[in-house]
Amino acid sequence: MESTRQTSPPGNHSTMTGFILIGFSDVPGLQGFLFGVFLLIYVIILMGNTLIIIITKTDSLLQTPMYFFLGNFSFLEICYVSVTIPRMLRDLCRQNRHISILACAVQMYFFLILGVTECFILTAMAYDRYVAICHPLIYPLIMNYRRCVRLAAACWISGIPVHIGFTYQIFSLPFCGSHQLNHFFCDVPPLVKLACGDTFVTEMLTYVIAVIVVTTPFLLILASYVKIISAILKLPSASGRAKAFSTCSSHLTVVTMFFGSGCLVYLRPKSSHSTGMEKILSLFYTMVIPMFNPIIYCLRNKDVMVALKKFIQKCSNVL
Numbered sequence: 002m003e004s005t006r007q008t009s010p011p012g013n014h015s016t017m018t019g020f021i022l023i024g025f026s027d028v029p030g031l032q033g034f035l036f037g038v039f040l041l042i043y044v045i046i047l048m049g050n051t052l053i054i055i056i057t058k059t060d061s062l063l064q065t066p067m068y069f070f071l072g073n074f075s076f077l078e079i080c081y082v083s084v085t086i087p088r089m090l091r092d093l094c095r096q097n098r099h100i101s102i103l104a105c106a107v108q109m110y111f112f113l114i115l116g117v118t119e120c121f122i123l124t125a126m127a128y129d130r131y132v133a134i135c136h137p138l139i140y141p142l143i144m145n146y147r148r149c150v151r152l153a154a155a156c157w158i159s160g161i162p163v164h165i166g167f168t169y170q171i172f173s174l175p176f177c178g179s180h181q182l183n184h185f186f187c188d189v190p191p192l193v194k195l196a197c198g199d200t201f202v203t204e205m206l207t208y209v210i211a212v213i214v215v216t217t218p219f220l221l222i223l224a225s226y227v228k229i230i231s232a233i234l235k236l237p238s239a240s241g242r243a244k245a246f247s248t249c250s251s252h253l254t255v256v257t258m259f260f261g262s263g264c265l266v267y268l269r270p271k272s273s274h275s276t277g278m279e280k281i282l283s284l285f286y287t288m289v290i291p292m293f294n295p296i297i298y299c300l301r302n303k304d305v306m307v308a309l310k311k312f313i314q315k316c317s318n319v320l
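The numbering of the sequence shown is our numbering, which starts it at 2 and goes up by one.
FYI, nobody ran anything at the bench for these hints, they're computed from the structure.
From a predicted model like this one, the values you see are computed outputs, not experimental measurements.
Each residue gets a CB set at the ideal place from its N, CA and C atoms; glycine is no exception.
Some hints could be false.
[Claimed, not checked] List time: in silico BS3-like cross-link candidates among lysine-lysine, alpha-carbon distance up to 30 angstroms:
1. K315 with K244
2. K311 with K244
3. K303 with K228
4. K244 with K58
5. K280 with K194
6. K315 with K303
7. K310 with K58
8. K244 with K228
9. K58 with K315
10. K303 with K235
11. K310 with K244
12. K303 with K58
13. K303 with K244
14. K311 with K58
[As the list claims (entries may be wrong)] Computed beta-carbon distance windows for the label pairs:
15. K310 with T18: 49 to 57 angstroms
16. L138 with V163: 32 to 40 angstroms
17. K58 with I158: 19 to 27 angstroms
18. V212 with L35: 29 to 37 angstroms
19. I55 with A155: 19 to 27 angstroms
20. R147 with S179: 46 to 54 angstroms
21. V212 with P87: 26 to 34 angstroms
Can you make the complete structure from the sequences, with help from the hints?
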């Protein structure tokens, strides 16, 4: 296997040209199978989220704050998976899995930024449901179009300055050992593992940022749902309670899967890190969850299902 390891003295990483992404090369007999599975998942993600974007933009019944954020979330999912999956598919088809330092830094930066944006958009969606269920009379006033746009914009841009500095911090570390990255994309834990010298500051910074952008949004979502569930249980009719629960269940399912896997990767103690487990968890939140998200939102939401049927019928009529 090709290596980018240089003959420079230990500690000198100025001549380093990049990394080798090991990916799934340890199972050479499954390369073709994995390529087919991952390509199918990628196509499903693109098609499913594109359909949601189209119907939330074109169907008059879905012109509400809830579906405005769902459209943003679907576009985000397309961007999020496109940072990692195309590169992984390419690596499964070739022997040379070299990635330059710049390409690795860019991939990690956009992966982190889009991951943070997903945390914030899921929080905004929880806030929208909280206002709709707990304060229905003033919901149109609070969640007006201008406020929704500003809230979405804040979700997209708020993590940018933080992760510029964090990415610089990661790639300022000396990588003086092996340059073989035992992962399928450039992520923080495997990169820190390759660093030599004292990585305490970087590890602490990772935990602090994870608490700010992962744990804090999750706690805000949890607080929102405590109030939402309390308000739903006070509704007089069973049908009203069922309808309120149905509008929240899909979002709550996605939140549980995404934040659960993210916390397991970024908030676990370093001593408990396992390369195999990290790859599985990374596959879960970079591919499996984005694949199920449009399915969850469609199957568990009657309005989306109705709009989807209308869209498919229009397309069939045109054809």
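Right, here's what the structure says about each hint:
no.	hint	in the structure
1	K315 with K244	28 angstroms, holds
2	K311 with K244	22 angstroms, holds
3	K303 with K228	24 angstroms, holds
4	K244 with K58	23 angstroms, holds
5	K280 with K194	14 angstroms, holds
6	K315 with K303	18 angstroms, holds
7	K310 with K58	15 angstroms, holds
8	K244 with K228	16 angstroms, holds
9	K58 with K315	15 angstroms, holds
10	K303 with K235	23 angstroms, holds
11	K310 with K244	20 angstroms, holds
12	K303 with K58	17 angstroms, holds
13	K303 with K244	10 angstroms, holds
14	K311 with K58	13 angstroms, holds
15	K310 with T18: 49 to 57 angstroms	53 angstroms, holds
16	L138 with V163: 32 to 40 angstroms	37 angstroms, holds
17	K58 with I158: 19 to 27 angstroms	22 angstroms, holds
18	V212 with L35: 29 to 37 angstroms	34 angstroms, holds
19	I55 with A155: 19 to 27 angstroms	25 angstroms, holds
20	R147 with S179: 46 to 54 angstroms	52 angstroms, holds
21	V212 with P87: 26 to 34 angstroms	31 angstroms, holds
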